[in-house]
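> Each protein sequence line maps, in turn, to chains A and B. The working numbering puts the first residue of the first sequence at 1, with every later residue one more than the last. The working numbering puts the first residue of the second sequence at 1001, with every later residue one more than the last.
Treat the hints as calculated values from the structure; they're not laboratory data. Please note that a few of the clues may not be correct.
[Stated by the list, open to error] Cross-link-like lysine to aspartate or glutamate pairs, in silico, DMTMM-like; alpha carbons within 25 Å at most: (1) B:Lys1130 <-> A:Glu110; (2) B:Lys1152 <-> A:Asp212; (3) B:Lys1050 <-> A:Glu320; (4) B:Lys1050 <-> B:Glu1024; (5) B:Lys1224 <-> A:Glu499; (6) B:Lys1236 <-> A:Asp130; (7) B:Lys1152 <-> A:Glu110.
Just so you know, these numbers come straight off a predicted model, no measurement behind them.
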Amino acid sequence: MSSSWNIWSVPVVIISLIIIAPVLAIFYSAFLGDTSLWSHLFSTVLPRYTFNTLTLMFGVGSLSLFFGISSAWVVTRYNFPLKFLFEWALLLPAAVPAYIIAYTYTDIFEYAGPFQGMLRDIFGWSSANDYWFPNIRSMGGAILVMSSVLYPYIYLMTRASFLTIPASFYQTSQIHGRNTFWLVALPLARPGIVAGLALVLMETISDFGTVDYFALETLTLGVFNVWMGMNSLSGAAQISSVLFLIVVVLLTMEYLARRNQRFHEKSSGQNNLEEENISNFKKIECICICLLPIILGFIIPVSVLCNFVFSGFSIINFSEIIQTTVSSISLAFFGAIFVMGVSLLMIIVSSYKSNSFQKSIIFLASCGYAFPGTILAVGIVVFVGWLNDNIYFHFSYFAGGFLILIFAYTTRFLAVGNGAIRSGILRVHPNLMDANKTMGISFFIGIRKLIIPLIYTNILVGGILVFVDILKELPITLLLRPFNFETLATYVYQYASDELLEESSFAALIIILAGLGPVIFLSNTIKNISRKKESNIV
Amino acid sequence: MIKKYTLILLGFIILYSNNLISKEINIYSHRQPFLINPFLEAFTAETGIKTNIVYSKTGLAERLQAEGANSPADIILTVDIARLYIYRDKDLLASIDSPLLEANIPHYLRSEDNTWFGLSKRARVIVINKNKVNAEEIKRMEDLAHPKWKGKICSRPGSHVYNRALMASIIAANGEVEAEKWANGLVANLARRPQGNDRAQVKAIFEGQCDIAIINNYYFGKLKFSEDPKQREWVKNLKLIFPNQEVDDRGSHVNISGGGVVKFSKNKKEAIALLEYLTNKTAQQLYGEINFEYPVNPNVESSDELESWGVFREDKLPIINIAKLAPLAQKIIDRSGW
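Given these sequences and hints, build the entire structure.
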C-alpha cells in the first residue's frame, strides 16, 4: 500500500482543506474577536446549554438506536405479514424535516389540539387544571420528534449491514444455540450502526428548527442568542467551538472503536438466509415494532399537513409551489451528485493512498455536518469574502449563485456521503486491491472495475440521503441563495416562521413527497444489490 | 443569411437595451417576502423600478460585509432597531441626503448620520384576560414584577429581539440594577417556561394557563382578523394595556421596522426612492392595514382599527439607545433565565 504524497493524495488533501476552510473561518472569528463575553457565558448559560445538548443527544441517540435497530432486525430476519411494505415504509420519516414535525406535533398535542380535546371529551374534563398532560414543548417532546425522523439513518445503514452478513455466520450461531442477534448480527453490523448513529447525533447537535420552536436552550440556540443578542459573532463562534469539541470526541471514539477491528468478509458464502417463520404472537410483535416509528415519524405529521392543505385550500398558491418544486429538485439532484463524487474520491484515497496524517485531514473535512447551518453559512461567507479580498475572486459571481450553494452543501453534507461510502469500503477485503496491483492493473482501473461495483449500494444510499438532506436544508440555502430564488424549504419557512401553517402546508407535503420516490427506490436497491453482489464476488 | 443574422443581432440589441432602460434594485430583507410584496408591487407600479429580493432572518449583514464593494445589494429592510444598527455598526450603509425622509420621519426614529431610517412602529403591550384581572392594577411594565402576579404571566423567551429591546428600554429608564430586579421578578411570576411566539402567549391566556402576557400590538390585530375562526376566539376576552401612560411616566416602549441604503450600492437614487416611497402617505397607511403597525410619519394617522385599541403616548427615547443597550439586556436575560 503506497501511503505517501502522491498524485492521488495531494489533490484530495487540498480539496479537504478547501472544504474545512469555512469551519476554520469560524474558529478564526472565534479567537480573533473579543473574548470578554466568555466569562459571562461560562458563569451563566454555558453549563445549562451544554447539559441540555448532551441530554438531547443521549435521548435522541438512544431512542433512534432502538427504533432503527429493532425494525431493521425484524424485517431482515423474520417473516410476517406486510413485511414487504414495512421494508421501505420504515424509511419514509427520513423525508420529513425536523422543523416541520415540530410544528405538526405541537398542533396535535398542545392543549387546544385535537388529542387533548378528545381526552377532555371522553373524560369530561373542562380545563387544564383537571388533568395532567405532558407538555410537547419540552426535552422529552424534542427527543421524541427528533428520534422519529432521524432513526431512518440507523435503520438504513444497519439493514444494509445485516443483509450482507454471510448466512453461514448466522447458521453457525444457530447450530450452537447462541443468540444470533446479540452475538452475530449486532457486532458485525457495528460499522453501519455507528455510522448511522454518528449522523443522527450530528443532526441533533446542529438542529435549530426544533429546539427553537420548543424553546430548548441548547448550544445551538445559545449560538443564536449570543450572535443576535449581543451582536457578537465571535461569542457565537466560541460556543460553536464547544459544539465542535463534542463532535471531535464523538468521531474519535468511533474511529478508535473500529481501528483494531476488521469487518470485511473473509469468505463470501451463500447469503440468501431463509427468513425465520414465527408464531402469530411474535408476528404481531414484529408489526408493532415496525409500525410505531412509522406512525410517529410519518403518519402523524403527514395527516396534520393534509388536514392543513384541506382547510387552507383557497389560500395556497399552487402554481408558485410547482415552480419552486422544480428548482428545489434540480438543485438537490446536482448537489447530491457533486457531494457523492467528492466523497467517493476522498474515501477511496483515504483508504488506499494516504498516510495517517492525510487520513486525519480527510476525516476532518466532514465535520461541517455538526455545525449549526447558519453559522456554517457565515463561515462560508467569511471564507469566500477572504478570497475576495486577498486573491482576485469576484464574490458576487458566487454568492447568490448556485456554485456557492453546491460548495456549501458539500461542506455540510460530506459527512453523510463519507459515512455511507466508508462503511462500504470497510467490508471490502484489502487483498482485492493488492491482487489488483500484482496483476499490474492501474489503481484507477482497479477502483473502477472492482471497488465501485462492490460499494455501489453504499454510493447510492449516500447519494439519496444527501439528496433528501439538500431538499430539506434550510439555513444555508436561505442565506446564500440568489435573488428571487425559493426552494421548498425556504418557501415553507417564510410562512411557518410566522405560524401560518396552512399557507406552508402544501409545500411541506411536497418536500416529503419528493423525498419519497428516491427513498422507496433506495430500499429496493439495497435489497436486490446486496444479494446479487454476494453471489457474484467469487 | 445576412438578413437572418442581422435580425438576431437586432433582437439582442433590443433585449439588451430593454435591460438598460428598466431599472432594478436588489433588496436584502429580514422581513418575509409575503409581508413586503404589497409595498414593492405598489412601488414598481408607480415608478417602474423592479425589485429583487433575498429574505433571510439571519446572516445578511455578514453576507453584505463579505461581498464588500462587489455586493449586488442596494437596500436592506429589517425589523428591530438592534438589527438595523448592526449594519451601521459594520459601516455597511451609505449616508444619504434626502430632505423628504428627514421630513417624514421624526428625528428619534432615524440615525443622526442619515444611514438608517425607521419606517413603521410597533408597540410592546400587555394583554390580560379581562374576566380574571383588573385592568386598573397594571399601569406600568414594572408592575409585572409584583409578587401578586405569581404564576399568572406568560412570555416568549427573553432572548427574542422584542423582549430584548423591551429589556433595553427598562435599563434606559431605571438603570441596570433595577432592570435586573425587574427581570428576576418577572421570571418568578411566569406561569410556564418561556416558549412559543407572541401568538402562543395569547393562546395560553385563552386556554387558562395564564392571565397576563407581553405581546407586540399587531398580533392582537392578526388574531382578531384571522382567517381561522379559532384564533378569533382567542382575543375575545382579551384587553390590551398600553403601559407607562401616567402623566409623569415615560410612555410605552416602541420598536421599529426600518431600512437603509447599502454603502456600495450602484443604484442609490432608486434605493432612496424606495425608502422615500415607504414613508409616503399610501405606504404608511398600508403598514397599518397589512400588519397593524403604526406609521412613523407624523402627518399620517393610524388606521381606525388601530385607534380603536386605544390612543397611547410612546417612549420618545432616541431609539438608537435600545440598540446600544441590547448586549447588556441580553446579559441580564441570561442571568435571570428569562
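> The structure should be examined with respect to each hint, and the outcome stated for every one.
Verification of the hints:
no., hint, verdict
1, B:Lys1130 <-> A:Glu110, "24 Å, holds"
2, B:Lys1152 <-> A:Asp212, "24 Å, holds"
3, B:Lys1050 <-> A:Glu320, "19 Å, holds"
4, B:Lys1050 <-> B:Glu1024, "5 Å, holds"
5, B:Lys1224 <-> A:Glu499, "15 Å, holds"
6, B:Lys1236 <-> A:Asp130, "23 Å, holds"
7, B:Lys1152 <-> A:Glu110, "19 Å, holds"
The structure fails none of the hints (numbered hints given earlier).
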